[in-house]
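Engineer: From first to last, the protein sequence lines stand for chains Z and P. Each residue of the first sequence is one higher than the last, beginning at 42 in the numbering used here. Each residue of the second sequence is one higher than the last, beginning at 357 in the numbering used here.
Sample of chain Z residues facing chain P (criterion: CB under 10 Å; computed from the structure):
#1 Arg98
#2 Arg104
#3 Gly107
#4 Leu468
#5 Arg496
#6 Gly497
#7 Gly500
Worth flagging that the hints you see were computed from the coordinates, not collected in a lab. Note that the Cβ used here is the ideal one computed from N, Cα and C, for glycine as well.
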Amino acid sequence: MKASNSYWKESLAGKLPEPLGSELDRYDNEVQLKKQGKIEDKVFAETRLRRGSYGQRYDNGQRNDGKAVRTLEYPQAATKGPNTLFDAPGMQRIKIPYGGMNAEQLEVMGELAEEYSDGIAHVTTRQDFQLHFIHIEDAPALMRRLAAVGITTREACGNTVRNVTGCPIAGVCKTETFDVTPYAHALTYFLLGHPDCQGFGRKFKISFSGCRDEACALAHMHDLGAIGVVRDGKRGFEVLVGGGLGTVPQQAKLLSDFIPEEELLPTAQAICRVFARLGEKKNRNTARLKFVIQKLGIEEFRRVVGEERAILTPDPLWTAFLKDVPNYEEKPARPPALLQIEGARDIGFERWRKSNVYAQRQEGFATVTVSLPLGDITADQLRKLADLARTYVRDTVRTTVEQNMVLRWVSEADLPKLYAELAEVGLGEAGAGTIVDVVACPGTDTCKLGISSSRGLAGELRSRLAAKQWELDEAVRGLHIKVSGCFNSCGQHHTADVGFYGVSRNKGGYTVPHFQVVLGGQWEKNAGAYGLAIGAVPSKRVPETMERIASRYLEEREANESFHSYIQRIGKAKAKLMIEDLMAVPAHDADPSFYVDWADAREYTIGDIGVGECAGEVVNPIDFQLAACEREVFEAQLALESGDVGKAWRQAYDSMMHAATALLSWRMKPVGGSGHEVAANFRAAFFDTELFFDPFAGGKFAQYYFDAHGRVGAEHGEDETRRVIEEAQLFIEATHACYGRLSAQKAA
Amino acid sequence: MQHFKVKLFAVTNEAAIEGAIPVFHRWIQESALPGVLVDVADYQHVPNGPGIILVAHDGIYSLDTFNGKLGLTYTRRTVLEGSDLERLRQAVESVDRAAALLEASPEFSGKLLFDRSRWEVAVNDRALAPNTQDTYLALKPVIEGVFPGRALEHVGERRELLRVAVG
Numbered sequence: 042m043k044a045s046n047s048y049w050k051e052s053l054a055g056k057l058p059e060p061l062g063s064e065l066d067r068y069d070n071e072v073q074l075k076k077q078g079k080i081e082d083k084v085f086a087e088t089r090l091r092r093g094s095y096g097q098r099y100d101n102g103q104r105n106d107g108k109a110v111r112t113l114e115y116p117q118a119a120t121k122g123p124n125t126l127f128d129a130p131g132m133q134r135i136k137i138p139y140g141g142m143n144a145e146q147l148e149v150m151g152e153l154a155e156e157y158s159d160g161i162a163h164v165t166t167r168q169d170f171q172l173h174f175i176h177i178e179d180a181p182a183l184m185r186r187l188a189a190v191g192i193t194t195r196e197a198c199g200n201t202v203r204n205v206t207g208c209p210i211a212g213v214c215k216t217e218t219f220d221v222t223p224y225a226h227a228l229t230y231f232l233l234g235h236p237d238c239q240g241f242g243r244k245f246k247i248s249f250s251g252c253r254d255e256a257c258a259l260a261h262m263h264d265l266g267a268i269g270v271v272r273d274g275k276r277g278f279e280v281l282v283g284g285g286l287g288t289v290p291q292q293a294k295l296l297s298d299f300i301p302e303e304e305l306l307p308t309a310q311a312i313c314r315v316f317a318r319l320g321e322k323k324n325r326n327t328a329r330l331k332f333v334i335q336k337l338g339i340e341e342f343r344r345v346v347g348e349e350r351a352i353l354t355p356d357p358l359w360t361a362f363l364k365d366v367p368n369y370e371e372k373p374a375r376p377p378a379l380l381q382i383e384g385a386r387d388i389g390f391e392r393w394r395k396s397n398v399y400a401q402r403q404e405g406f407a408t409v410t411v412s413l414p415l416g417d418i419t420a421d422q423l424r425k426l427a428d429l430a431r432t433y434v435r436d437t438v439r440t441t442v443e444q445n446m447v448l449r450w451v452s453e454a455d456l457p458k459l460y461a462e463l464a465e466v467g468l469g470e471a472g473a474g475t476i477v478d479v480v481a482c483p484g485t486d487t488c489k490l491g492i493s494s495s496r497g498l499a500g501e502l503r504s505r506l507a508a509k510q511w512e513l514d515e516a517v518r519g520l521h522i523k524v525s526g527c528f529n530s531c532g533q534h535h536t537a538d539v540g541f542y543g544v545s546r547n548k549g550g551y552t553v554p555h556f557q558v559v560l561g562g563q564w565e566k567n568a569g570a571y572g573l574a575i576g577a578v579p580s581k582r583v584p585e586t587m588e589r590i591a592s593r594y595l596e597e598r599e600a601n602e603s604f605h606s607y608i609q610r611i612g613k614a615k616a617k618l619m620i621e622d623l624m625a626v627p628a629h630d631a632d633p634s635f636y637v638d639w640a641d642a643r644e645y646t647i648g649d650i651g652v653g654e655c656a657g658e659v660v661n662p663i664d665f666q667l668a669a670c671e672r673e674v675f676e677a678q679l680a681l682e683s684g685d686v687g688k689a690w691r692q693a694y695d696s697m698m699h700a701a702t703a704l705l706s707w708r709m710k711p712v713g714g715s716g717h718e719v720a721a722n723f724r725a726a727f728f729d730t731e732l733f734f735d736p737f738a739g740g741k742f743a744q745y746y747f748d749a750h751g752r753v754g755a756e757h758g759e760d761e762t763r764r765v766i767e768e769a770q771l772f773i774e775a776t777h778a779c780y781g782r783l784s785a786q787k788a789a
Numbered sequence: 357m358q359h360f361k362v363k364l365f366a367v368t369n370e371a372a373i374e375g376a377i378p379v380f381h382r383w384i385q386e387s388a389l390p391g392v393l394v395d396v397a398d399y400q401h402v403p404n405g406p407g408i409i410l411v412a413h414d415g416i417y418s419l420d421t422f423n424g425k426l427g428l429t430y431t432r433r434t435v436l437e438g439s440d441l442e443r444l445r446q447a448v449e450s451v452d453r454a455a456a457l458l459e460a461s462p463e464f465s466g467k468l469l470f471d472r473s474r475w476e477v478a479v480n481d482r483a484l485a486p487n488t489q490d491t492y493l494a495l496k497p498v499i500e501g502v503f504p505g506r507a508l509e510h511v512g513e514r515r516e517l518l519r520v521a522v523g
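Okay, chain Z solo, but in the shape it has when bound (with noise of 0.2 Å):
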C-alpha cells in the first residue's frame, strides 16, 4: 500500500466531479471496511468489480511455481472476495469510452503505471486501459487520480455496461456516414450507473460504427451494436442485438435498420430494461443478452423491445445532447499542408508511412497509428505521446481494439517530425494492422482464466514475423492474427483470419500447452464472420503452423482471394489437414520443451495442480477415444457447411456422449448402454460430485451435454446446429481438462 493515499484524498477533496468525488469516499471506506473484515466477501466482490478492481492471477494465495504448488505467505488473512486474498495484486480497469484521450490524461496514466503497477499501462481489446499488480487499498487514491482528469473506472467490470467502443477514426473516415462520437458519448454517459442496468445477470457491450462494410467497431459481437445510417437525409442508426464472441460465439441479429437519432438512447434503455428483467440472472454461463434472444427469437424480442419503449417515461436526456452534436467536431492544431517529396526518403519512415498512416477525409490531414507491441506502453512513452498530442494534434488520440493508439488531424507535411519523433521512443515501429499486429489478450500471465500464455505466444509470432515483415507477399501481410488464453475469446480469436484459442492435452501423464487454430473469420464488415477451430496444435508448434497456413494460402490462393474466401473455398476437412501433423506432441523424455509454455520455464500445469510422473507410459485407451470425439465434432462442422443440418446436430451430439463414455470407461471401467444411460451415468459420476466442474466456469459443459441430450428427437435449426457443434467441443476441451486434472492427482 501507498504512504500517499491520504494525501490524494485530502488534497482532490471537493475537487472531483459529483457524484464520482463521494462515491470514491465510500468505495475507500468500503475498502477499509472489508479489511477489517465487516463486509462479506461476495458483496465486496461485486463492488469492487463494479469500480474495475478485478483479480488477478494467484490471488488465492497459490501458486504452482513448477515444481509444487506453493502457498505465498501475505501478510494479511483478510480477503477481498470469495478465495482471493486482500493483499494479492489485482487488476485494475479503466474505461476509455471510444477510446477517446486527451494529453493530460496519457501523463496520468504515465504516473499510474509508475506508481502503482509494473511501469506498463496496457490498452485491452476494447479501448480500455488495465494496470496490473494493483494493491487494492491503493485503488481509490488511483481512482481519484483518474477522476480528477475527466477518467472514470465505474461498471468497467462486473455485471453492468462496460465501456462502449467506437470506431477510431470516426469523424474523419472517408467511408463513414457520419461521426458517431458524439452519439457514443451521450449512451455512455446517459446509461453509466442508470437505475435501469443496474439488475444485470452479465455484462453487456455496447458498439458504435460509422460503416456497416469496415471493421470499425465489430458491431456483430456485440449486445448491441449501433451502425450510423442516413435515412432520407436523417441520421439514424442500424441496431444489431445479441452479438457475442465467448465460448459460444453469437453473431448479432437486427433489431432495426433504421432508429432516428432521438430514440437511440431510449431504445438503448428498453434493451437495458428487457435484458434485466428477462435475462439469466441464476447461471451465469447462459446469462448474456444472447440467450434472452435466442430463447425469444428475434421477433418476440423485437416486439418486448417496442412495448417496453412505448412505457418509458419520458426524460428530456434522451435528447439534451443533440444540440452539443455539432460542438464534436475536431479542430486540428495545425494547418494542412501535404507531404512534401524532398528526395529519397528513409524506408523506415516509408514503411511506416504505408502501413500506420490513414489519409483523412480531410485533405492534408492523418491519422497515425502508433503500434503497441501487445497493447503494451510505458509511463515515458506516455509522456512522450502526451508531448506529440500536443505539439502536432490537439489532444485528439484515441485507443483501438488492436491495442494501439491512434492521433488523428496530423498535418500530412509534419509526419516525418512525427515518426522521428515516435521512433526515438521506441513508437515508431511499422506494421500496425498487418500480421505483425497481433492481438492478445492477458491469458495465463495475469488472468485467473487463463489456459495458455497467449501473451507469451502472441509476443513470440510478432517478434519472428516482424524479423522478416517485409519479405512476405502483401496478401500474407495482410492477415489478422489474435490469440486468446482460453475459450472467453478475450482476444477476439474468431474475428481473426487466424486465431488461436488456449487449451490443454494430456500427454503421458502430463499436460501440454494448446492453442485451438481458429480459421477464416472476418475482420471487416463489423466483424461479419466468425472463424471455426479446425484442431489444436502445441503451444511450441503454432510458429510452425502460422507459417504452414500463410505458405498454403499464398500457393494456393485464387486472384485477389481474401484468406476469408480462401478458407471458404477449401472447407475446413482440407485445412485441417494443412496441420494435421503438426498436431502431434513429443514424448517428455524427447523434448521436454513442449512442455513448458511460452515465456515461462515452469513444467506446464492447469490449475496449479501438479504433473504425473507416469512419462513413457503407454497410450490410455481415452486419449484415443477423444481424439476420435474431436474428429467427430469437426465432421458435424463438414456436414453443416454441406447443408446436411440433421446429420451434423447428431454428430455433434455423438461427439458429446462418446466424450461422456470415454471419461467414465476410463474412470469407471466398462461403461455401455444407451444415451440416457451414459447421461444418467455421467451425470452422477461426474457433475453431481462436480468432478467435471471448470474451475471457473463451474458445470457449464456438462450442461451443454445435457442440454443437447434433452433435445434428441426433436427439429434442429442451423443456429441451433451451429451453436451444439461449439458446445460440442467446448465440452471435449471441459474432458480434456477434468481428465489431465484427475490423472494429476491420482498421479499425486
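Got chain Z; can you put chain P on it based on the hints?
Structural biologist: Leaving out everything else, chain P in the frame of chain Z:
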C-alpha cells in the same frame, strides 16, 4: 520518504535479458530473496521498458532497459517502517543482493556484470516526493548517507519521478 526505487546499472547493455525468466522462476522455487515472491512477467517486447520483472509483495525487481540502459531495479511498493536512511538502505541492499545472485546464476555467469559505481535513486511517489529542487535537496543527505562521497545529479524532466544519478 517511502517507496524508494533503486537501479544498479550493468557494465554493458549486451546481456540477453531473457535469461532472467528461468532465474526469477527459480528464485521463487528456492525462496532466494526475502519476502513473498509472487510471479514473473516478460516485457521484452516493449522498447526501453521493464524487461523481465519479478513481482514480490513488497516490491518489484526488474532487469530492465529504461532510458536505454540495462540494469537491475528494485521498486519498493509497500510502506516500510524506519528512517529515510533505513528505507533507502533496504532498497539498495535488495537490489545489490539480487544483482549478486544474477551475476552468479548459470544463465548470466560472465555475461552480466553490474557496475557498483553507477546507481540511480528515485522515489516512486509524486505526492511524497514531487520532482522539485527542494525535494532533491531534502533527499540529498539521505543518499549521501548510503553512498558517501559519491557525485549526485538530479536527472530527468519535471514530469518524471524524482531521479538522482549516483556516480
